[in-house]
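Asks: For reference, the chains in residue letters:
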Amino acid sequence: MQKILIKNGHLVDPAQQIDGLYDILLEGDKVVQCSNNINDNNAKIIDAQGKYVFPGLIDIHVHLREPGGESKETIYTGTRAAVKGGFTTICCMPNTRPSLDNVPSVEYINLKSEKDAVCNVYPVGCVTKGLDGTELAEIGSLVQAGVIAISDDGCPVSNAFIMRRALEYCKIFDIPVISHCEDRDLAQFGVMNEGAVSTKLGLRGIPNAAEEVMVARDIILAEQTSGYVHIAHVSTKGSVALIRDAKKRGVKITAETAPHYFTLTDFAVEGYNTYAKMNPPLRTAEDVAGIKEGLKDGTLDCIASDHAPHTKEEKNKEFDFAPFGIIGLETELALAYQELVLKEKLSLSSVIEKLTKNPAEVMRLKTKGSLKIGFDADLIIFDGNEKFKANNFISKSSNSPFLGWELQGVINQTIVAGKVVYKS
Amino acid sequence: MLKTKDLLGLENLTKKEIELILDTAINFKGVFTRSVKKVPALRGKTVVNLFYEPSTRTSKSFEVAAQRLSADVIDITTSMSSVVKGESLIDIGKTLEAMKADFVVIRHAMAGTPKILAENISAAVINAGDGFHEHPTQGLLDLYTIRENLDEIKGLKVVIVGDIGHSRVAKSNILALNKFGAKVTVVGPPTLIPDSIKEMGVDIEYNLKKALENADVVNILRIQLERQNKNLFPSLREYTALYKVTPEILKYAKKSVLIMHPGPMNRGIEISSEVVNLKNAVINEQVTNGIAIRMAILYLLAKANK
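Quick mapping for you: the protein sequence lines, in order, are chains F and G. The numbers in the working numbering rise by one with no breaks, and the one at position 143 of the first sequence is 143. The numbers in the working numbering rise by one with no breaks, and the one at position 19 of the second sequence is 19.
If you're looking for bench data, these hints aren't it; they were derived computationally from the structure. Only a predicted model underlies this, so the values are computations on that prediction, with no experimental measurement involved. One or more of the hints may lead you astray.
Derived lysine-lysine pairs resembling BS3-like cross-links, with alpha carbons at most 27 Å apart [what the hints assert, rightly or not]:
1) F:3 to F:423
2) G:209 to G:60
3) F:317 to G:94
4) F:312 to G:279
5) F:423 to G:100
6) G:115 to F:312
7) F:317 to G:100
8) F:115 to F:3
9) G:115 to G:100
10) F:317 to G:279
11) G:5 to F:312
12) F:7 to F:423
Could you build all of it, start to finish, from the sequences and the hints given here?
Replies: So this is what it looks like as structure tokens:
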């Protein structure tokens with residue numbers, strides 16, 4: 001079996017509490033040694049001197065758009081964007097067409113991934129049939145077919161009774177119910193955050209309450225069912241407070257936020273910038289501060305991109321008509337590094353934890369998110385000094401509010417299952 | 001000279017630029033009293049009226065303004081259905097550009113559409129009202145009317161009554177009046193007044209009497225009849241009981257209070273007929289002034305885009 005030895009790199013592996021110079025020996029698709037000063041004459045050497053080495057990153061919230069939205073993204077292009085961004089494992093959301101509410105659709109993802117993907121792809125199944133919130137999908141069959149969580153992402157499960165049943169039922173499989181928290185009655189036809197900017201621009205607003213009311217509901221339901229809820233894309237300070245409080249009480253809850261929620265405010269929408277239109281929307285500076293606080297104190301477990309590709313034609317429209325969503329895989333690590341480690345002074349290890357160990361735990365990926373012996377040979381080599389301009393995306397779409405930004409932190413190499421799949 | 005290709009809103013115009021527009025409008029208003037109400041300033045220019053929303057006052061006002069400047073006017077009353085059919089705004093703009101339109105006057109239910117159009121075509125785009133965003137020519141004609149009647153705008157207390165949150169007229173008025181140092185108070189039910197409007201530099205009141213104290217100007221907005229179905233207020237009857245402007249309630253304002261309404265009015269709902277007939281009501285003057293303002297805009301933009 002082929003051996004790769006990564007030497008002289010600065011390994012940050014929060015699951016092993018490693019933050020220092022370590023060598024890593026890979027054999028085939030597994031890690032066989034992770035210690036100081038390994039030598040192996042049969043191994044291909046990769047010198048990571050002056051660079052960081054991280055376990056392969058895991059993004060639990062990605063829209064690959066296939067099947068049904070191939071003009072926006074495919075498994076082929078989306079996984080290539082992922083490995084460029086340092087992700088060796090991604091979870092794809094079920095709001096495809098058809099949606100992942102049935103076994104053949106999930107099997108299609110698996111087969112297509114085998115053929116086209118350059119990283120690990122785990123599908124997330126639907127909570128309800130057709131994502132319409134009224135009837136539970138055949139979750140057990142979906143789990144057998146390979147889904148590792150369920151979510152009606154893009155649509156909230158509005159009916160509290162259905163959400164209750166989903167949380168209860170999923171206890172059989174020990175998988176998270178991922179909740180897109182949005183009270184549609186409160187959100188109405190909003191297209192951006194409700195506040196001074198929406199008033200000035202004359203755009204309909206989505207209040208913070210639309211998210212927080214739903215977060216509160218899901219906490220109560222998780223608590224009463226002792227089910228496991230994972231809150232997707234947290235955007236408000238109030239949601240962070242609710243989740244923090246729930247965790248203190250021992251509720252089985254985890255949560256993620258996305259780089260745009262700790263980097264941008266609703267001012268980014270000014271000029272009717274549809275590349276700053278996503279759901280939940282960009283909030284205020286106070287919310288951004290709340291999100292950072294939640295990342296610091298561990299209330300927010302994961303950073304995930306909510307990578308949501310849309311074509312130029314779809315986005316170059318009246319603000320109201322343009323779809324929600326932005327891409328994120330290729331800017332995520334650099335934004336986390338730049339905004340949280342360099343500016344906010346979070347430890348690099350705590351940030352990498354939210355991209356490796358924690359998402360692996362949320363998704364019950366038992367051999368990922370760390371470079372322990374016997375774990376999967378997924379890792380990346382990262383240069384924290386190098387800068388790049390965010391354009392020329394590998395993703396099929398370029399709908400990013402960070403388009404043209406200069407970002408710090410470049411992925412030099414990405415290794416998936418012991419194979420180099422990306423080199424800068 | 002205006003420095004912009006388009007008129008998208010009042011937010012980014014300076015006080016000086018607005019004064020230039022108002023002063024230019026004075027000259028054009030003089031034309032109206034001549035036997036031949038026409039000047040050749042825009043001869044050979046084409047103005048396209050692209051209205052995605054129903055409008056009589058504004059579209060005809062632009063048409064008259066263009067004609068009095070000797071421009072040719074094309075009316076495209078596009079119903080929303082063409083958008084639903086998939087015809088994109090940008091493609092319509094490109095078609096008009098291919099027809100060599102010099103001006104496109106656009107009215108649209110969605111905020112920000114004039115900006116998209118302006119970014120995609122070389123013709124001058126004039127915003128004739130976009131969603132809840134701005135209605136700059138209305139703001140200008142209101143300002144003109146106030147200045148014409150009360151001379152100095154600085155220090156005036158201007159009260160805007162009604163559905164502030166959904167009103168582009170209110171927004172453009174607030175932006176313009178603040179640049180000239182007026183004090184603006186908005187009044188209406190809290191469901192129609194977003195708190196964040198404060199950040200545009202206005203005072204919020206929920207009580208009409210209190211709001212009208214010492215008012216120099218009261219600008220009464222049209223209440224959209226369909227709003228009552230959206231639980232923004234329980235019924236028109238209740239709205240009328242709380243916010244209808246009547247001669248009695250105007251006693252709380254200054255005696256000389258200038259009464260304005262952008263039209264079209266719902267008599268007996270937001271404004272009583274008696275108020276419309278008061279001698280300090282300038283609702284029809286607003287219409288006349290609107291033509292002068294739009295002539296000034298067309299003229300100044302033509303000069304700027306030469």
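Asks: All hints, please: hold or fail.
Replies: Now for the hints, and whether the structure bears them out:
Of the supplied pair hints, the one linking residue 3 (chain F) and residue 423 (chain F) holds, its CA atoms being roughly 18 Å apart against a limit of 27 Å. Distance hint between residue 209 (chain G) and residue 60 (chain G) is unfulfilled; the C-alpha atoms sit about 35 Å from each other, more than 27 Å. With a C-alpha separation of about 14 Å, the suggested pairing of residue 317 (chain F) with residue 94 (chain G) holds against the 27 Å cut-off. A hinted pair counts as satisfied when its Cα atoms are at most 27 Å apart, and residue 312 (chain F) with residue 279 (chain G) does not qualify at roughly 55 Å.
The hinted pair formed by residue 423 (chain F) and residue 100 (chain G) fails the criterion: a straight-line CA distance of about 51 Å is larger than 27 Å. Taking the CA atoms of residue 115 (chain G) and residue 312 (chain F), the gap is about 17 Å. The hint holds against a cut of 27 Å. For the given pair, residue 317 (chain F) sits about 23 Å from residue 100 (chain G) by alpha-carbon distance, which is consistent with the 27 Å threshold. Distance restraint check for residue 115 (chain F) and residue 3 (chain F): the Cα-Cα separation of roughly 24 Å lies within the 27 Å cut-off, and the hinted pair is therefore satisfied.
The hinted pair formed by residue 115 (chain G) and residue 100 (chain G) meets the criterion: a straight-line CA distance of about 19 Å does not exceed 27 Å. For a cut-off of 27 Å, the pair hint linking residue 317 (chain F) to residue 279 (chain G) is broken: about 47 Å separates their Cα positions. Using a Cα cut-off of 27 Å, the hinted pair residue 5 (chain G) and residue 312 (chain F) holds, with the two alpha carbons roughly 25 Å apart. Proximity of residue 7 (chain F) to residue 423 (chain F) is assessed by CA-CA distance (about 17 Å); at most 27 Å being required, the pair is judged to hold.
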